[in-house]
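Chains as they are written, first to last, in UniProt numbering: chain A, 1 to 414; chain B, 1 to 460.
Keep in mind that the hints were calculated from the coordinates and are not lab data.
The model shown is predicted, which means the values in this text are computed figures rather than measured ones.
A hint or two may mislead.
To be verified - Below, a list of computed lysine to aspartate or glutamate pairs in the DMTMM-like style, where the Cα atoms sit at most 20 Å apart:
hint, chain 1, residue 1, chain 2, residue 2
1, B, K330, A, E88
2, A, K414, B, D335
3, A, K397, B, D335
4, B, K330, A, D99
5, A, K198, A, E214
6, B, K430, A, D371
7, B, K430, A, E297
8, A, K139, A, D97
9, B, K430, A, E374
10, A, K397, B, E332
What the hints assert, rightly or not - Computed footprint of chain A on chain B; a stretch qualifies when at least three of its residues, placed anywhere within it, have a C-beta under 8 Å from a C-beta of chain A:
hint, region
11, 106-117
12, 317-330
13, 356-370
Yeah, the Cβ is synthetic: ideal placement off N, Cα and C, and Gly gets one too.
Letter by letter, the chains look like this.
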Amino acid sequence: MNKFKVSLLTSALLASSAAFAQITAITNAKVHTLTDAGTLEGATVVIEDGTISAINPANVSADITIDAQGRVLTPGFIGSMNQLGLVEVSAVEGSIDADDDKADVDFDASPAFNPRSSLIPYGRKGGITQNVVVPHGGKSIFKGLAFVVDLSGEFNSVLKTRTALVVDMGASRSGSRAMKYKTLTEKLEGQQQKLSEKTKKDDKKAAKKPSQEEQVLTAVLKGEMPVVVEVERASDILEVLKVKEQFGLNLVLWGVNDAVLVKEHIAKANVPVVISAVSNLPSSFSSLHADLRNAGELERAGVKVLLSGFAFEGAHNLYQLRFDAGIAVAQGMSHEGALKAVSSNIADVFGLDGGKIASGQRADLVLWSADPFEYSTTLDKLWINGEEVSTESRHDKLRERYTTDSDMPRAYTK
Amino acid sequence: MQKFKPTAIVLALSTVLLGCQDKGPQKEKVTIEKNPYPSTYQPHSTGSTLITNATVLTGTGERLEDADVLLKDGKISQVGKDLSVQADVTIDAQGKWVTPGIIDVHSHLGAYPSPSVESHADGNEITKPNTAQVWVEHSVWPQDPGFNRAREGGITTLQILPGSANLFGGRSVTLKNVPSPTMQGMKFPDAPYGLKMACGENPKRVYGGKGVAPYTRMGNMAGYRAAWAEATEYKQAWEQYEAAYAAGLNPDAPKRDIRLDTLRGVLDGEILIHNHCYKAEEMAMMIDLSKEFNYHAGTFHHGIEAYKIADLLAENGNCAALWPDWWGFKMEAYDMVPENVAIVDAVKNSCAVVHSDSGTTIQRLNHEAAKIMNTANQAGFSLKEQDAIKWITYNAAKSLGIEDKTGSVKQGKQADIVIWDRNPFSVYSKAETVYIDGAKVYDRFDEKYQAVSDFMLGQR
Numbered sequence: 001m002n003k004f005k006v007s008l009l010t011s012a013l014l015a016s017s018a019a020f021a022q023i024t025a026i027t028n029a030k031v032h033t034l035t036d037a038g039t040l041e042g043a044t045v046v047i048e049d050g051t052i053s054a055i056n057p058a059n060v061s062a063d064i065t066i067d068a069q070g071r072v073l074t075p076g077f078i079g080s081m082n083q084l085g086l087v088e089v090s091a092v093e094g095s096i097d098a099d100d101d102k103a104d105v106d107f108d109a110s111p112a113f114n115p116r117s118s119l120i121p122y123g124r125k126g127g128i129t130q131n132v133v134v135p136h137g138g139k140s141i142f143k144g145l146a147f148v149v150d151l152s153g154e155f156n157s158v159l160k161t162r163t164a165l166v167v168d169m170g171a172s173r174s175g176s177r178a179m180k181y182k183t184l185t186e187k188l189e190g191q192q193q194k195l196s197e198k199t200k201k202d203d204k205k206a207a208k209k210p211s212q213e214e215q216v217l218t219a220v221l222k223g224e225m226p227v228v229v230e231v232e233r234a235s236d237i238l239e240v241l242k243v244k245e246q247f248g249l250n251l252v253l254w255g256v257n258d259a260v261l262v263k264e265h266i267a268k269a270n271v272p273v274v275i276s277a278v279s280n281l282p283s284s285f286s287s288l289h290a291d292l293r294n295a296g297e298l299e300r301a302g303v304k305v306l307l308s309g310f311a312f313e314g315a316h317n318l319y320q321l322r323f324d325a326g327i328a329v330a331q332g333m334s335h336e337g338a339l340k341a342v343s344s345n346i347a348d349v350f351g352l353d354g355g356k357i358a359s360g361q362r363a364d365l366v367l368w369s370a371d372p373f374e375y376s377t378t379l380d381k382l383w384i385n386g387e388e389v390s391t392e393s394r395h396d397k398l399r400e401r402y403t404t405d406s407d408m409p410r411a412y413t414k
Numbered sequence: 001m002q003k004f005k006p007t008a009i010v011l012a013l014s015t016v017l018l019g020c021q022d023k024g025p026q027k028e029k030v031t032i033e034k035n036p037y038p039s040t041y042q043p044h045s046t047g048s049t050l051i052t053n054a055t056v057l058t059g060t061g062e063r064l065e066d067a068d069v070l071l072k073d074g075k076i077s078q079v080g081k082d083l084s085v086q087a088d089v090t091i092d093a094q095g096k097w098v099t100p101g102i103i104d105v106h107s108h109l110g111a112y113p114s115p116s117v118e119s120h121a122d123g124n125e126i127t128k129p130n131t132a133q134v135w136v137e138h139s140v141w142p143q144d145p146g147f148n149r150a151r152e153g154g155i156t157t158l159q160i161l162p163g164s165a166n167l168f169g170g171r172s173v174t175l176k177n178v179p180s181p182t183m184q185g186m187k188f189p190d191a192p193y194g195l196k197m198a199c200g201e202n203p204k205r206v207y208g209g210k211g212v213a214p215y216t217r218m219g220n221m222a223g224y225r226a227a228w229a230e231a232t233e234y235k236q237a238w239e240q241y242e243a244a245y246a247a248g249l250n251p252d253a254p255k256r257d258i259r260l261d262t263l264r265g266v267l268d269g270e271i272l273i274h275n276h277c278y279k280a281e282e283m284a285m286m287i288d289l290s291k292e293f294n295y296h297a298g299t300f301h302h303g304i305e306a307y308k309i310a311d312l313l314a315e316n317g318n319c320a321a322l323w324p325d326w327w328g329f330k331m332e333a334y335d336m337v338p339e340n341v342a343i344v345d346a347v348k349n350s351c352a353v354v355h356s357d358s359g360t361t362i363q364r365l366n367h368e369a370a371k372i373m374n375t376a377n378q379a380g381f382s383l384k385e386q387d388a389i390k391w392i393t394y395n396a397a398k399s400l401g402i403e404d405k406t407g408s409v410k411q412g413k414q415a416d417i418v419i420w421d422r423n424p425f426s427v428y429s430k431a432e433t434v435y436i437d438g439a440k441v442y443d444r445f446d447e448k449y450q451a452v453s454d455f456m457l458g459q460r
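In isolation and in its complexed conformation, chain B is listed as follows (with noise of 0.2 Å):
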């Protein structure tokens, strides 16, 4: 393994010295098989569905009233008023609103499931604090009955993150929520990969308690430093030998590491950071860290001080997916303010994102929006449920880098998509039907589309 040799100089030495070296016929290229557990997703309907008369919320800022959307082939094939179409099936959606199915970036359904006992605890790998080895998909129990209570609550893709204790906790998974006994039945096919990373007091708590670093703040910060220099490092080693190869040469693959796979992943933008971070000063240390070694911070959860820089958010690119309200059970969630998401969504190119973190609140993501869209209002903000509505979908989808898929009512997105009794901004609301990919998933009022988890069969 090449890794102690990381400056362009060395690099160039070590390819003419592999080449002296290397002589002889090719042996077979080394490549890394990048999906190793593929999607078996598969759309269970590819019918038409027409839903007529809805108010709509497109998810990029419009609300269209009396509008008609049309499902067509597992797409949203139009949207308007007055559709001339024929539909296997039409549903009057006369006083009902529509809006793209709910997508929620923040989730542990399947890692830590209900029942909650301790053989069901999958979700954080508390053994060193760089555990980007792991990956959630691994630990996913698809029968947890939360991916049902969830999608009653309007949730069609979910991003399955492992826990924050680690500097590095591993791989998230995006997920359709859809029942299947496999996880790769669930598995949303080309979303990217996540990596979970975690600022502040877990990972310093965790290590810290069994006296081994990260003690501190500064001890997160070394610790992430370390392994960027050192998947920097092995990023440098791969391309060495795939562009020796190329060059005709016989070089010895770099020793495989899986946990370097995440991180390289990360430096090659395939992989998309996911940071529980939640104090301003801790975000923009996070920004130049990533400067400094040339990836992209992408998104923080929790941010519960995000307020405080808006700005800085937006300039960089950085999602920034919150609370409306919880706080208080550590000190760096001691400065919440009600208004946060609002406050960051009103910079311009801001990414505001609504998140749950919760088997309980993923079901009311609408509410969870609600709330914050009308505290807002109250402290002089004018946004309207249009404006919201993209904290959980258009905005959820981009943070999960699958925004060109799904996350709006829009000509050629996949059909993932709710129907609420009412506005969605009312306590009193409910989905009456959801739509996955154009096939119908749920149904208020109809127990054959109500999924029950093996789990709970028979138990009541």
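Isolated chain A, as found in the complex (with noise of 0.2 Å):
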């Protein structure tokens, strides 16, 4: 299988071919579907073929009923803006495949995914069932090309590629931010002027086949590829809505610590912002405005919030977004608003499958105590693309190697 080119139909085909038989029944669940349908309490979702087949249909005939008992049940949330999969330990080089010296519009990372790596069960504990990858790039304002994986930790779990372009405006230690937007605009300019050249003059010479670059920068100006750009300073993201009206970008907003200054700005825009729900030290001039009810105060101005880790934690600790959205909430962000921020918003943002309850859809799925927010709720099942996965990890193999007595030394206890 040629993982790296796996487009969604693809990916649903190679989805139907699998042993799919089974036909799945969680009766008696609260619902989170975050469509219009809302919140659905004694809800019943059937899962067929890796597919949410049906939501509370007349008769259900299932090969396994799950009772939830009055649990509830949301889509698997969506990671983003992290390394997953491209850094094992941040310390040890040999492990990174997130950036590159050379690294630029078209540096696609997916090839260097690894879907075995230890970070990726471990999300699974935090009901992660999807993530969207981020490269770290190189010298270049161009950081790369996102890429969306799931967290199956199958050989196949890259689901998408050349997700986003993502663009760094943000301040730098040497040079000035001013020539960051000269850069930028130059390659669109650049671009534009080709295509238009290329629509002028038709022969052999326009026909050639465009390059990496020049694919995605096309995709980019015919606004089917959205740009994710990291930016702090309210004035910057000005600067950046600016770029998006005169080439009619599909923007998304990153960082944006600043960003409650302009709200108004870019609601009026309709871009999504990416944000961190904890996220409140002045850690530079750019960010004086970081708040932890910044998440809730976006969210009332019209803003499309999506949620991601915080930024030192990186994909090590991608668990914890679900508290992430639980301090949001704390600090003014509606509950369902903070839900969809880790989940319907990401899917809907990159073009995903999955982050909603609904029939057609993919069936990532988890099953929790209560509120998937709270530090005492449990996840006690998951699902990804219709199959139950394990929460297990290594860390929980040595906690028990470690607690559990035994006459031999600790080293024999597997």
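Build the complex from these two chains, which are given one at a time in their own frames, with help from the hints.
What follows is the structure, given as structure tokens:
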């Protein structure tokens, strides 16, 4: 299988060709659909061939029936803006594939993704079923191309490549951020020029196959590929909105600790933002408005909010995304809004199958003992693409080894 | 300086020699000022506050329902049910929870403040493997906005540590989390100093990378042993001087060495070790190192593998200050288990502490403890709120040597108290009111009690 070119269509075919004979019904659940259907009490969700085949059908005929006993069913949560599967140990150079000095517009790190990374089972403990992986890039302002994986740990877990172009427009330790705007706009104008020339001339030269970079830039200019721009300061956000306007970009803002200052502009431009719920220190002169209340304030201003983990935590502690969402709620975000911020909003913005509970959707589901954001809540069952997946990781094995009595040295406890 | 005369016989001989050489009236005795930058902290209020009907977690394993707490003259005056006393202020805390002020034993606030710009990188004297002469209190910027954010999370006391590049990083300082224009205005009166040490990857990476010792973990150990051997000689030289002077002789004082003053303070039991040390085998060796040179190995910070040697830590009286879940940023942080704190805590006479090492998670140490408590309970432990709170109160105070002053809701203790809007182990919990020495230092609903640092004033 050519896992580097798995489109949504082919992954759906793969799923249907797998041996998913069984039909699973989850009954008597409190279902957060995250669609217009809202939250359903005592509902039944049926899974078949990796897909949600029905919600509250008149008759249920299932091979496996799970009585949720009123427990909470949500879509699997979706991580984003981290290097899951590209970094095993941050200080071990040989385990890092997220950056490269030469990385530029067309840097696609997905061939380096490791579905057997020890971070993946640990991430599942937080109910994370998919993740938007973002490369670190290199010296260019263009960090490369985001891609989407599921957390099944299977070798076919790259679901989508070339998902978004990632651009860093924030402050630098050297040079001027003004140069970054020059670089960005010149690159886009250059490609615009090539495209208009191509439509004018119909000669052989124009028909030459476009380079990888040209293909990315064309998709960006057509609005087919989202552009994730990392930026913090309010004035920079406004500049980036101008670039969006000029080129018709499908823009996503990331970081944006100062976003509340220009929230109306962001809402009016209909641009989603990816923020960390727990960022509240003025870590630089570009982020003096970092505040725990920002997620709620942006939500109330009509901005589509996506939550990612705190930058330092990266992918190792992806599992705590649900707690960050809880903190956002404690600080004024709506509970429903926070659920969407870690699932359906991410799916919508990056064009993923998942993040909602609706017929025809990919069956990435989590059954929780209670409110998924609360520390005391347990994750009881997890399904990825319709298959129930374990949440045990090597961390559990280590705990077991050192808390199990044995006559033998610990190394013999497996 | 007498540092090359370490044995008892040589010392005795030299005393005789000094006695022969030094005739005449005694010169003024040379003494080392141990507290040249003293605390100027003063509590802001000496009024009385009565908190009624609260769920109280004492920090020492008890949970009291519908309990009252009287704060008077800066101290916890009474704890009990239906206290029939009058106070200047009475707060009905029905439905709310009261805990001791939260203590973080591992913070770099002020030394690595926000904004984290080049001019502010004052936490790590990365110039020599042994910089025991630096005192992090000389780096603390009291205007760090992070102090205010931490206070909003219930942090009343925190230890500021220098960074972990060096075998000996320098002295720590324990602060009261009160706003002040000076470090001394925050300094916790009579808290012992700490000495930051670091095992493992950091020293060998920083110095090995420069092609100097330590290049390896064995190089780390060699560096510690050489330093303690030198400190032992320094201590003996001073003791010899003091003994000779006391005998009426007129000896010359040893040459003052600021670096060795700190190590000697450890040997004298006045300065507590705070040792960044992740791995089981390294913590075990650091304990043996302390026995070799006759000091206490103190608290192990970041001990990701503490759960592998929980018995050893308890037997030797070592606290372990741990995260719930940080891992994977280096090899020595790879074997994390989220139940680490609970496993260490389960051993008799243990001292498990939850620490932050972060300007972000210091704001929610109660949530950090909640993660551990719940994860451990899912793995078969049966921990309750009254057990978990001690990881961030009483045990933390013990690690800092201030458990006789703060860290529990107990009569006579400093009135460092947090009122939470609900069970502090809920993700939705927030600190409503924070008291330090009985003075209100934060009120979630009253801007008058919400401090703003000079740096942020007029910036938003």
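Hint-by-hint comparison with the structure:
{"no.": "1", "hint": "B:K330 - A:E88", "result": "9 Å, holds"}
{"no.": "2", "hint": "A:K414 - B:D335", "result": "15 Å, holds"}
{"no.": "3", "hint": "A:K397 - B:D335", "result": "10 Å, holds"}
{"no.": "4", "hint": "B:K330 - A:D99", "result": "18 Å, holds"}
{"no.": "5", "hint": "A:K198 - A:E214", "result": "12 Å, holds"}
{"no.": "6", "hint": "B:K430 - A:D371", "result": "18 Å, holds"}
{"no.": "7", "hint": "B:K430 - A:E297", "result": "18 Å, holds"}
{"no.": "8", "hint": "A:K139 - A:D97", "result": "15 Å, holds"}
{"no.": "9", "hint": "B:K430 - A:E374", "result": "14 Å, holds"}
{"no.": "10", "hint": "A:K397 - B:E332", "result": "18 Å, holds"}
{"no.": "11", "hint": "106-117", "result": "holds (count 4)"}
{"no.": "12", "hint": "317-330", "result": "holds (count 6)"}
{"no.": "13", "hint": "356-370", "result": "holds (count 7)"}
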